[in-house]
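A.B. asks: Residue 190 is where the sequence shown starts when you use this note's numbering, and the numbers rise one by one after that.
Everything labelled a hint here was simulated from the structure, so no lab data went into it.
The model shown is predicted, which means the values in this text are computed figures rather than measured ones.
Treat the hints loosely; a few may be bogus.
If you anchor each label on the Cβ, the simulated ranges turn out as follows [to be verified]:
hint, residue 1, residue 2, range
1, 205, 242, 25 to 31 Å
2, 233, 195, 22 to 28 Å
3, 207, 240, 28 to 34 Å
4, 208, 244, 26 to 32 Å
5, 246, 206, 29 to 35 Å
6, 238, 212, 16 to 22 Å
7, 254, 195, 18 to 24 Å
8, 234, 196, 14 to 20 Å
9, 215, 236, 16 to 22 Å
10, 205, 248, 27 to 33 Å
Glycine is no exception: its CB is placed at the ideal position from the N, C-alpha and C atoms.
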Amino acid sequence: MEQEDVLKYYQFYQADTEEAFLNFYEAVKELSFYDTGVTAVYGDIFITLSTCSYRVEDGRFAVVAKRVL
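Please take these sequences and the hints and turn them into a complete structure.
C.D. replies: Structure follows, in structure tokens:
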């Protein structure tokens with residue numbers, strides 16, 4: 190897998206625009222292993238947890254959640 194083909198979730202902190210938010214959100218949904226049925230809208234806050242994955246060299250497994258108050 191080329192470096193350009195990797196979702197750089199660790200560079201996403203808070204979307205400055207709705208387009209940036211939707212791009213990240215769609216990429217996360219596309220890569221997800223499970224469809225939880227949870228949806229997000231611009232302005233929601235994501236929490237990301239990351240750990241090692243041994244499926245690929247230097248791999249990471251990330252869990253992205255929507256913050257609920």
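A.B. asks: Run every hint past the structure and note whether it holds.
C.D. replies: Going down the list of hints, with the structure as the test:
1. 205 x 242: 25 to 31 Å: holds, 29 Å
2. 233 x 195: 22 to 28 Å: For residue 195 against residue 233, whose Cβ atoms are near 24 Å apart, the range 22 to 28 Å holds.
3. 207 x 240: 28 to 34 Å: Check passed, 30 Å falls within 28 to 34 Å.
4. 208 x 244: 26 to 32 Å: holds, 31 Å
5. 246 x 206: 29 to 35 Å: The hint (29 to 35 Å, Cβ to Cβ) holds, given that residue 246 and residue 206 are roughly 34 Å apart.
6. 238 x 212: 16 to 22 Å: Holds, since residue 238 and residue 212 (Cβ atoms, about 21 Å apart) stay within the stated range.
7. 254 x 195: 18 to 24 Å: holds, 21 Å
8. 234 x 196: 14 to 20 Å: holds, 18 Å
9. 215 x 236: 16 to 22 Å: holds, 18 Å
10. 205 x 248: 27 to 33 Å: Holds: the Cβ-Cβ distance is about 29 Å, inside 27 to 33 Å.
Of the hints listed earlier, there is not a single one the structure fails to meet.
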